[in-house]
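Student: Protein chains in written order, with my numbering: chain A, 1 to 291; chain B, 1 to 382; chain C, 1 to 247; chain D, 1 to 324.
A couple of the hints might just be wrong.
Partial list, derived from the structure: chain D residues whose beta carbon lies under 10 Å from chain B [unchecked claim]:
(1) 24
(2) 29
(3) 126
(4) 134
(5) 135
(6) 222
(7) 230
(8) 269
(9) 275
Here are the simulated distance ranges between beta carbons [unchecked claim]:
(10) D:17 - A:186: 49 to 57 Å
(11) A:269 - D:81: 30 to 38 Å
(12) D:277 - A:59: 29 to 37 Å
(13) D:144 - B:326: 28 to 36 Å
(14) A:187 - C:60: 52 to 60 Å
(15) A:77 - D:14: 48 to 56 Å
(16) A:33 - B:132: 52 to 60 Å
No farther apart than 20 Å at their CA atoms in a straight line, the calculated lysine to aspartate or glutamate pairs in the DMTMM-like style are these [unchecked claim]:
(17) B:291 - A:112
(18) B:318 - B:329
(19) D:24 - B:92
Hints listed in this document are in silico derivations from the structure and should not be mistaken for laboratory results.
Built from N, CA and C at the ideal position, the CB exists for glycine as well.
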Amino acid sequence: MASFIQLLVSGLATGAIYALIAIGFTLLWQTSQTINFAQGEFVMLPAFFVLAAMNVGAPYWLAALIGIALSVVVLGVLFKAVIVDPMMRHGVLPLVITTIALSLFLKESVKDFYSSQAQPFPAPVAPRDLHFLGAVVSLQSVVVLAVAVLTVVALHLLLNKTRLGRCMQATAQNPTVARILGIPVGRMVLYTFLINGALVAIASLLISPIYLAKFTNGEALGMAAFIAAIIGGFNQVRGAILGGLILGVLDNLSAAYLSSQYRGAFPLVILIAVILFRPQGLLGRVEERAV
Amino acid sequence: MLRTGLLVSLVAAGIGLAGTAHAQQKTVYMPAILELSGAGAVSGTNFRDGMLMAIDEINKAGGILGHKIETPVLDTQSDAGTSRAQLQKVLDNNPYVVFGPVFSGSVLVTQLMTLKAEIPEIVGGEAAAITQKNNAYVFRTSFGQQFSMPKIANYIHDSIKAKSVAVVWVNNDFGKGGRDNFTKEMKDRGINIAADISTEVGQADFSADVVKLKGANADAVFVYLNEEESARFLKEAKKQGIKAPLIGETTLLGQKVIDLAGGAAEGVQGHVGLTVDAPIKAVQDFAAKFKQRFNYVCDHNGIKGYTGVYFVKYVTEKIGKFDSKAFAEKAHGITITPKDEPGILMEAMWDKNGDIDRESFLGEVVDGKQKIVKTLPMLSKK
Amino acid sequence: MTAVLEVNNLSKRFGGIVAVDNVSFTVNDGDILGIIGPNGSGKSTLFNCVLGQLLPSDGTVRIDGQESTGMRPCDLNRLGVSRTFQLLQVFPQLSVRDNLILAGQEHQGSMTSRLFGRPDAGLGDAADQMIEFFRLSHLAEEQAGMLSYGQQKLLDAAMAFMAGPRLVLLDEPAGGVNLTMLGLLRERLQAYHAERKATFVVIEHQMEFVMALCTRVLVLAEGRIIAEGAPEEVRRNPAVIEAYLGH
Amino acid sequence: MRRLGPSALAIAGVVAIGLPFLLKPFGVYLISMWAVLTIAAIGLNLTLGYAGQVSMAQGAFVGIGAYTVALLTAAGWPFFVAFILGGALCFVIGWLLGYPALRVQHHYLAFVTLAFNTLVFLVLRNEEWLTRGSYGIAGTDRPSLFGFSTDNARAFYFVCLAILVLLSAATWWMMRSPWGRAFVALRENPIRALSLGLDTRRYTLMAFALGSTLGGLAGGLYAPLVQFIEPGSFSLNMSFNLLLMVIVGGSGRFFGPFVGALIAVLLPEWMRIAEGYYLIVYAMLVMVLMVFCPTGVLGLFEKAFRPKKAPPPAPATLKAEVTR
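All chains should be modelled from the sequences, with the hints used to inform the complete structure.
Tutor: Structure below.
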């Protein structure tokens with residue numbers, strides 16, 4: 001039982017990170033039909049912004065802020081302006097190719113211009129362990145979970161309780177109608193890119209102390225976020241959270257009780273099942289677009 | 001018309017460009033095929049940087065037999081198909097010897113070709129199969145798994161006196177090879193494998209694996225993972241309070257893992273094949289120079305690259321000419337001591353299969369540092 | 001004589017909403033039946049149920065006496081039921097000629113013979129005749145997507161006739177077409193009808209078009225048939241006037 | 001353009017036959033790899049470019065074909081029997097993978113196939129009794145033809161080239177036949193196609209199966225070409241790379257895969273003059289290429305040669321529609 005709780009709690013902490021990354025993934029899809037195959041690298045990169053800032057002498061908190069700001073500018077504004085905007089009207093596939101190339105570009109750039117070695121990354125909290133119903137959780141994991149939940153709640157409030165958020169949702173659901181209603185659709189799309197930029201930076205700050213900063217980190221993370229987003233519902237923020245948490249827990253449970261060699265297979269089987277029998281995802285809504 | 005013509009000239013240009021690295025006067029062409037991108041990038045980069053240091057030193061001192069070493073480094077993208085292409089490219093230019101690759105799969109594909117071309121290949125791969133194919137042109141720069149695993153096995157059997165052991169391994173050819181050799185050695189010694197836990201490359205969360213370990217209740221845990229995964233595993237093991245001794249092979253006791261794992265590596269023990277922390281002055285001096293030049297701590301692949309170049313230098317000077325065939329003949333059974341060639345760092349011997357024999361060490365992590373507790377003699381000197 | 005199309009007690013419900021409510025009618029050989037009704041009266045749903053695009057909740061559909069309820073559209077089509085669409089439905093990247101060959105090819109031979117046989121499935125001449133018939137000869141090799149809206153409507157109709165169908169269902173053929181083109185379209189449909197004795201069912205808003213083309217008219221309102229008869233009778237029917245003006 | 005076709009084709013033929021005599025073994029290996037990957041890309045172009053079914057699993061089929069040939073030839077079967085069986089196996093698996101396409105389309109289909117690709121990788125790696133797991137299989141022999149060994153680079157190139165010519169001729173024939181028209185109809189308007197009597201279900205499955213077969217046949221040549229296969233070679237990366245070839249070359253255009261594979265094989269090699277940074281430069285070039293000609297290189301040529309006409313809408317875009 002204790003081990004079950006251990007698996008559950010650890011899984012939730014890991015899942016919370018997947019969720020953070022998956023949210024941005026779904027936001028970009030909803031507003032701009034971007035399937036961002038570089039999302040994992042987007043999470044890998046901000047850690048190096050922070051490390052670079054600290055290398056020139058900035059204290060951790062300042063470096064973290066710089067990291068978030070740079071990430072919003074580079075992975076939000078620049079990504080949209082330089083890559084997504086010119087390609088949006090050409091359909092999804094050319095953009096998919098471009099984000100795949102972008103992920104290679106980011107990985108190789110970090111490797112060549114920073115280092116191929118894994119870098120230790122400062123943790124925002126002291127390395128302490130908490131005991132909980134026979135399970136051990138590091139304080140770090142609790143903080144990760146808390147920050148992830150807070151971020152998600154804040155985002156949920158923003159999207160559902162503010163005028164701005166409702167405008168963004170309207171844009172996501174039907175850009176044409178939103179435009180008729182006088183919503184500045186272009187700006188709303190930009191906001192989602194900014195939010196994604198901030199989310200990946202936060203995720204990066206939270207996980208790099210655990211995963212260590214390394215140029216290859218994005219590969220596993222990007223795939224996990226991708227799976228989480230689809231399981232939960234590709235077009236719903238809430239779904240992405242559920243998907244992330246399910247994935248984190250499922251991965252642990254299947255590795256512990258079923259087969260560690262096939263641990264990667266269970267989420268994929270679930271993904272296929274979800275798509276075939278509930279294509280809108282567990283919490284997603286049916287996509288209705290005029291043909 | 002236009003389109004086809006353009007394509008033809010592009011193709012020709014592409015392949016032409018690819019073949020320009022010709023040996024010039026007074027140089028010797030010894031290219032390297034390494035994993036500079038993809039999954040093996042860390043190993044390949046270390047190997048390359050180790051080589052670069054040795055090459056610069058040798059060239060500064062006048063080269064080999066008066067010839068400067070010319071070593072273009074080609075990226076395999078950690079992929080067997082690309083390795084084959086890149087090796088073919090350098091073979092077309094008649095190399096004297098070829099360095100790399102490090103990934104065993106890539107070694108297996110390239111060694112067929114160097115054998116056919118009769119060009120010695122100085123590889124970084126550790127899979128047992130590499131030297132079991134009667135290939136007279138392949139030479140290792142570190143222990144194959146068929147040599148390192150018995151040493152670990154002896155240690156677990158004799159020093160830890162474990163009756164049962166759990167093994168945690170990374171599920172790629174490196175980890176699988178280590179695990180298979182290890183399991184065989186354990187069976188030979190009558191030690192029970194209590195848990196056999198496979199993990200993924202890039203795995204983040206080791207809680208499930210550690211939970212399984214706890215359930216297995218083994219007397220010792222053998223950990224065979226890459227660096228970051230080792231560090232993540234150690235953190236999780238400490239968190240969940242694993243009591244059994246954690247045993248590793250080279251990587252687990254490396255300074256990099258110790259640094260990355262924070263305090264979690266404390267008490268880890270095991271066999272160290274090749275390490276910058278060896279109690280040998282030449283090795284430590286090398287490590288310091290490496291750190292100064294490349295600004296990171298070298299791992300065993302860096303030493304492999306460095307000593308590999310000096311191995312070639314020494315053998316070549318012995319035969320007195322650049323003759324690939326003569327090199328391969330001479331290199332089998334050769335012993336190089338630091339007295340003869342300081343760059344070899346530690347006495348090393350190559351047997352008839354191209355396997356290397358060196359001293360190695362038993363170590364332990366104490367106060368955030370690797371501490372060598374025992375030196376294991378060369379196998380040939382037992 | 002069996003009817004070409006026989007619809008018996010057909011209903012279609014979406015959740016609690018009844019879109020088509022117990023509708024029965026028959027279409028005989030050579031008929032041109034018009035189905036009219038205000039927006040939301042269930043015309044399109046009825047059409048889709050007959051054509052196998054939707055599964056009816058109740059009732060049956062028979063083609064030439066053979067039960068066809070729930071058959072897939074492609075199988076229905078091979079029974080000789082053909083249709084046009086309300087919105088443009090041509091294949092924009094295929095040439096006009098290829099559009100027409102495509103429309104007939106599945107009625108020729110088997111899967112295998114379609115792969116190994118003649119590239120035009122032996123339909124080249126038939127396609128050219130159809131192109132000629134619909135006055136599209138100058139556009140035969142153009143990509144269909146390059147045609148004007150009205151020309152695409154003509155092509156759409158031509159495709160429906162390509163396989164020599166027993167029954168053609170035309171879904172708002174006049175919608176959005178300018179007057180000149182509309183005249184041509186109506187004239188061609190009538191010519192085809194006269195030449196081949198084809199049987200049509202037409203859904204249409206445009207009253208003039210229906211009155212001029214159809215031999216019989218059926219009026220739907222709120223999913224039910226409220227009137228049926230010759231065009232002139234229906235036009236004078238108070239229930240119809242009520243249905244149209246009352247909303 | 002059209003009138004230039006035969007002469008361009010003749011020149012391409014002369015080049016394809018003459019080139020290996022001018023090149024060193026490395027160059028011959030590269031163009032052999034080009035021929036092999038072109039076959040796989042033609043398959044993906046059939047599934048994705050013509051029939052509009054997004055597949056991200058083509059790499060897995062190359063893997064299945066490669067493993068079939070490697071394992072069967074190692075067990076003593078003749079190469080060409082193993083080669084055909086590899087293709088046949090992929091036909092069956094491809095047919096089965098087509099079933100999800102009957103339920104979901106576009107990006108959802110992409111996700112299913114992507115997951116399938118990773119599952120195949122896991123099976124190849126974990127089922128060691130069958131596939132030798134992560135050790136891979138080394139030394140697949142190249143075939144003998146009428147008593148002639150094709151072990152040397154040039155001879156095997158001609159094997160690859162001959163099979164490429166054969167398969168592309170077959171594909172060309174198919175695309176001109178009613179099947180080709182049906183595949184395009186499937187991509188452009190499945191609902192209308194259905195109403196014209198096209199059994200869209202059968203054609204969708206067929207598009208998947210045939211595309212996968214070509215992937216498997218390419219794999220059957222990949223194994224003896226590289227002479228070492230491991231599960232990692234057929235992970236998502238291979239599928240992404242093949243997708244890149246199809247899109248960059250010009251999706252839904254017959255010669256697109258030829259050009260796309262040429263770019264994907266040669267561009268990284270040319271970029272090696274940038275030494276350590278060559279992958280960065282390569283990635284940048286791909287992005288620039290996509291931004292400036294999203295319809296691929298051939299799309300760009302068409303635009304250049306037919307400037308007056310508006311380009312037809314890009315194929316294989318995502319439209320949310322469901323076929324029955």
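Student: Are the hints correct? Go through all of them and say.
Tutor: Against the structure, the hints:
1. With a least beta-carbon distance of about 4 Å to chain B, the hint placing residue 24 of chain D at the interface is held under the 10 Å criterion.
2. Restraint check, residue 29 of chain D versus chain B: the minimum CB separation of about 5 Å is within 10 Å; hint holds.
3. Hint status for residue 126 of chain D relative to chain B: holds, with the closest Cβ pair at about 8 Å, below 10 Å.
4. Checking residue 134 of chain D against chain B: minimum C-beta separation of about 4 Å stays under 10 Å; hint holds.
5. With a least beta-carbon distance of about 6 Å to chain B, the hint placing residue 135 of chain D at the interface is held under the 10 Å criterion.
6. Here the hint on residue 222 of chain D is kept, as its CB sits about 8 Å from the closest CB of chain B, short of 10 Å.
7. For residue 230 of chain D, the interface hint holds, the least distance from its beta-carbon to any beta-carbon of chain B being 5 Å, beneath 10 Å.
8. Annotation: residue 269 of chain D was flagged as interfacial toward chain B, and the flag holds, the nearest CB pair being 5 Å apart, inside 10 Å.
9. At a threshold of 10 Å, the smallest CB-CB gap from residue 275 of chain D to chain B is about 8 Å, leaving the interface hint in force.
10. Taken as a hint, the range 49 to 57 Å holds for the pair residue 17 of chain D and residue 186 of chain A, whose Cβ atoms sit roughly 54 Å apart.
11. About 34 Å separates the C-beta atoms of residue 269 of chain A and residue 81 of chain D, a value consistent with the hinted range of 30 to 38 Å.
12. Judged by the Cβ atoms, the range 29 to 37 Å given for residue 277 of chain D and residue 59 of chain A holds: they are separated by roughly 33 Å.
13. Against the hinted window of 28 to 36 Å, the Cβ-Cβ separation of residue 144 of chain D and residue 326 of chain B comes to about 35 Å, which satisfies the hint.
14. Between residue 187 of chain A and residue 60 of chain C the beta carbons are some 55 Å apart, a value that agrees with the proposed interval 52 to 60 Å.
15. Checked against the given bound of 48 to 56 Å, the beta carbons of residue 77 of chain A and residue 14 of chain D, roughly 51 Å apart, stay inside it.
16. At roughly 53 Å, the beta carbons of residue 33 of chain A and residue 132 of chain B sit within the given window of 52 to 60 Å.
17. Restraint check for residue 291 of chain B and residue 112 of chain A: satisfied, since their Cα atoms lie roughly 17 Å apart, inside the 20 Å limit.
18. Proximity of residue 318 of chain B to residue 329 of chain B is assessed by CA-CA distance (about 12 Å); at most 20 Å being required, the pair is judged to hold.
19. Note on residue 24 of chain D and residue 92 of chain B: the hinted pairing holds, with a Cα-Cα distance of about 6 Å set against a maximum of 20 Å.
In this structure, none of the earlier numbered hints is contradicted; all agree with it.
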